[in-house]
Amino acid sequence: MTPKQEWRSIGPLSAIPQRGARRLGFGIDTKPIAVFRTATDQLFAVIDECPHRGGPLSEGIVCGTTVTCPLHHWVIDLSDGVAVPPDEGATMTIPIRVIDGEVFIEMPRHMPGTGQGGAGER
Amino acid sequence: MDQLTPFTPFFPDQPDTRPRLVVIGNGMAGMRTIEDLLKRDECEGRDPRDRYHITVFGAEPHVNYNRIMLSAVLAGDKTTDEIIINPRAWYEAQGITLVTGDPVVAIDAANRTVTAASGRVARFDRLLIATGSKPLVPPIPGLTLPGVCTFRDIADVEKMLAAARSHRRAVVIGGGLLGLEAAWGLKQRGMSVALVHLMPTLMERQLDAPSGQLLQRDLDKRGIAFFTNGQTELIFGTERAEGVRLADGRSVPGDLVVLAIGIRPNIDLARAAGLEVNRGIVVTDDMRTSDPDIFAVGECVEHRGQVFGLVAPLWDQARVCAAQLAGDETAMFETRPVATSLKITGIDVYSTGALMAADDADDEITLRDDNRGLYKKVVLRDGRLVGAVLYGDVADGPWYKQLIENRTDVTALRDRLVFGQAFAAGAVAGKTGPDVGAMPDNAQICGCNGVSKGAIVAAIRSRNLTTLDAVRAHTKASASCGQCTNLVAALLLQTTGPIGEVRAPGICGCTAAGHDEIRAAIRTRSLRSMTEIQAAFGWTKPDGCHKCRPALNYYLLCAWPGSYRDDPQSRYVNERVHANIQKDGTYSVVPRMWGGVTTPGELRAIADVAEKFNIPTVKVTGGQRIDLLGVRKEDLPAVWGDLNQAGLVSGHAYAKGLRTVKTCVGREWCRFGTQDSTSLGIRLEKMCWGAWTPHKVKLAVSGCPRNCAEATIKDLGVICIDAGYDLVVGGNGGTEVRVTDPLVRVATEAEVLEYTGAFLQLYREEAHYLERTAPWIVRVGIDTVRRRLIDDAAGRRALHARFLHAQQFCQSDPWAARVAGEEAHEFVRLPARVEA
Ligand code: SRM
Ligand SMILES: Cc1cc2nc3c(=O)[nH]c(=O)nc-3n(C[C@H](O)[C@H](O)[C@H](O)COP(=O)(O)OP(=O)(O)OC[C@H]3O[C@@H](n4cnc5c(N)ncnc54)[C@H](O)[C@@H]3O)c2cc1C
Ligand code: SF4
Ligand code: FES
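Chains as they are written, first to last, in my numbering: chain A, 8 to 129; chain B, 8 to 843.
Bear in mind the hints are in silico, worked out from the structure with no lab data behind them.
Please note that the accuracy of each hint is not assured.
A few chain A residues that face chain B, going by a derived Cβ cut-off under 8 Å, partial list only [stated by the list, open to error]:
id : residue
1  : Ala-22
2  : Gly-32
3  : Pro-77
Below, in silico cross-link-like pairs of lysine to any residue (SDA-like), each with a Cα-Cα straight-line distance of 20 Å or less [as the list claims (entries may be wrong)]:
id : chain 1 : residue 1 : chain 2 : residue 2
4  : B       : Lys-548   : A       : Leu-50
5  : B       : Lys-554   : A       : Thr-100
6  : B       : Lys-85    : A       : Leu-50
Some but not every residue of chain A turned toward chain B, in silico, with C-beta under 8 Å [to be verified]:
id : residue
7  : Ile-17
8  : Gly-18
9  : Arg-26
10 : Gly-27
11 : Arg-30
12 : Val-69
Beta carbons are placed, not taken as given, at the ideal position from N, Cα and C, and that holds for glycine.
Make a model of the complete structure from these sequences and hints.
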């Protein structure tokens, strides 16, 4: 009867800047998660690691539904996590939704995620 | 597949009576021929689509692209989109049927048809073979291992880029132009690169031994490991390539092996069709093969025993072939001297004609300066120049080539020849490259496309061209390898007059508008937000991109200092977070040390912070201050808070803004000091800190001409002398070091401050975003800067005043603001609650 997934609240939509991102205080399998909000209030969550060399995507410039990695300027499409050609690679996307101004993301339950590790952690 | 299906004619409702021209090879020479053919008709006022029903077969899945620029794509300087020559829409507009990804497998010369791999058959009345060449592959074991590739087309570059992402080491076999550019590109992509070359020196067919050695020395310094005199015996590895073994037993490890040892004309189809072939497909001066209705151009041909490997002669072939196809039977191809250069940033090589004296009767004159890495050699025969090899400074290359081509008698110039055109002409040797104004009209500017100064100037005048792109489109000058771009830009400037007219390439892919246009509109049309600019210039993407957003944000900030509200989301991470991001996602913190002077109290505070926050590295920077490296983002505000307590503020080491003002000890201590350079540096830094600029800005003040503060490679330098202060501008370090140009000598510190403020404001208002002072001055000319700052005293004072006005709004410490809570969301992670 235990569900495989669970929705976790990560706070109000207003906490995330438009055309910006926040990193979460926990991750999946020690990988950090980034939550993005576009100019038109679309929301995306992805593992905060660039498929190139693990750069923190949450620090990039958000344009439309893409983010440009701050380290070497790869452009990642947030809707599927895939790098825009000619670059190749992808980062994992995580389901996300807003209910009454509160944001939830869907976490796989068997991966509690400790929030440790990943770029930016020493 | 659709076997034997004829193509739909261009005008489906009318019988198509046009003769059919089929082209095999959608590459550089073939498509240039078609472009030239269409252009001829256009010039004569007829519809170019009327002459032939054209069908083009390309083996590659892409449209026609600039193969030369694959090196730039590999090095990350260009994307594949940027090297496309003609998009699909062009083929459609010209009524050309384009078949890509379907190589022709047979030519039936008797029945006038070609058959492609898919089974498609096309009938032709005339056929053009432009199949280029194939990379030469040595007969060694291991060629079929994954991780082995050649360097010829987009697919090869994609393979290399994939390897660069997932693997560390590359071996390039071949030390010619292609191999070196491959090695450099892979190095730029972060691989460690070894290069194996059969001969003792690099590029031995284009360079003599001394220049080849200089080249090797410079590339060696940039981290490429060379194995010369190396004969590759085999590629080893089990799952994929693991390295190569040389005949002398050396072994070179590598997960990627790139073969770049040469090319072989692609003649298989022609041979099977019974056409006369030798090394290449044999053509006569009119570009016809042994079958008069079958033409051939490009690297696949052999003309009077010669085969080709650079584009310049291919463009001549294309022009002749187009003329012949249009019925002009007088057009004849003849070979001209070619010149080679290498497309590696910061490495300048040029070679044309003979590399060395053939015998005692020939004369060689050499100029060599190992310190500056300069080498020049000219070869003379019977009072005429027959060859030139240049390394380090290649500005005179086109001039030498011209002398060779015109068979000019250079006896009178002999002694001065090697010093270059400016010197030979008796003028003062300028350091800003050749003077385009002094060049004769027939001087060749673009070697690849054979375009003369006269042709460029005529095109600019007759068609009122104002942009580099337009000049490129109309004349092809600088459209191939791009090495002559600066010369073409200089001609454009000179011909169109005021610099405001020249439109550099667009600001980004979101709009066709260029930087200058946008900046002008911000002022004249009073555009005050990004949305207004984007609306005014028809941005294609509502949100812009990571290239235009930071630029627009800066332009608005500069134009409306008091009222525009900075947009943090349009800033690169460093400027948004006020610290430099490091490769592991941590940050570095560099507090300001005014003029490089610090105190025990400041040092103690830095030491305490480093211990308290476990900061792994404390380093003295090249900018006379201290860097704390490896700070976690969450800790930044607290670190800054502690530093602020000791009076330390942001050093803006992350900013497109004022970085450092380096000083020397000066008159206060030094026995040679003429003025108080340290306190002048501090005054300058106090005036300029906090300013946002198009790119970073660094200043320095040296107390005497010994110049210990390295003022002559700064954006603005002050060199103190007994009589006052020499101001120099437009220098930088970096990959292309540039020494400053002298600006002015002044008597008082007050004048130093006024000129500095005015210079920075001029730069802030007129340079393009991400253009440092050095390239800006190269673009607009130091004379323009002198005119605005020296000749126009009122203008200078106004610039200075505008600088000080803008400074009021940005001289507050961004660290203190964040310690006080500004942009707090940046530094805290989002919490999460589990839903019950
Ligand atoms: C920290 C420092 C190296 C050091 O440990 O000494 C440094 C570090 C970086 N330099 Fe530098 N440069 C440092 C002094 C210099 C100097 C020396 C100087 O200022 O006298 C130069 C040559 C002078 C010059 O600027 O012309 C220098 C020329 C460059 C360049 C080439 C600039 C050019 O116009 O070609 C780059 C690349 C760029 O900016 O695009 C660069 C870029 C960088 C970047 C920003 C690379 C990057 O994009 O991440 C490095 C940031 C490291 C960081 O996060 O802190 N750095 N860099 C020095 C900081 C000085 C400071 O106190 O602020
Ligand atoms: C990385 C690199 C850098 C270079 N740098 C320079 C430089 O700086 N300066 C310079 O002057 N030159 C340079 N060159 C050389 C220059 O690119 C060539 O001289 C030029 O491209 C030759 O033109 P081409 O039309 O003969 O051949 P290509 O441009 O190769 O075109 C031939 C085309 O025909 C196609 N083809 C072959 N067989 C068939 C078939 N059976 N059916 C259909 N299509 C077929 C091929 O796929 C290819 O697309 C460089 C080359 C490379 C690879
Ligand atoms: S600090 Fe400067 S020189 Fe050193 S690796 Fe970084 S960019 Fe290169
Ligand atoms: S890590 Fe993202 S582009 Fe290099």
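Status of each hint after checking the structure:
Proximity of Ala-22 of chain A to chain B holds as hinted, the smallest CB-CB distance being about 6 Å (cut-off 8 Å). The beta carbon of Gly-32 of chain A comes within 4 Å of a beta carbon in chain B, closer than 8 Å, and the hint placing it at the interface holds. With a least beta-carbon distance of about 4 Å to chain B, the hint placing Pro-77 of chain A at the interface is held under the 8 Å criterion. Simply put, Lys-548 of chain B and Leu-50 of chain A have alpha-carbon atoms about 19 Å apart, close enough for the 20 Å limit, and the pair holds.
Of the supplied pair hints, the one linking Lys-554 of chain B and Thr-100 of chain A is violated, its CA atoms being roughly 25 Å apart against a limit of 20 Å. With a C-alpha separation of about 31 Å, the suggested pairing of Lys-85 of chain B with Leu-50 of chain A is violated against the 20 Å cut-off. Because the closest C-beta pair between Ile-17 of chain A and chain B is about 5 Å apart, less than 8 Å, the hint holds. This hint holds: Gly-18 of chain A has a C-beta 6 Å from the nearest C-beta of chain B, less than the 8 Å allowed.
The beta carbon of Arg-26 of chain A is positioned within 8 Å of a beta carbon in chain B (closest approach about 4 Å), and the interface hint is therefore held. Of the supplied interface hints, the one on Gly-27 of chain A holds, with its beta-carbon coming within about 5 Å of a beta-carbon of chain B, less than 8 Å. Contact between Arg-30 of chain A and chain B, as hinted, is supported at the beta carbon level, the nearest pair being about 5 Å apart and thus within 8 Å. Checking Val-69 of chain A against chain B by beta carbon gives a least distance of about 7 Å; that is within 8 Å, so the hint holds.
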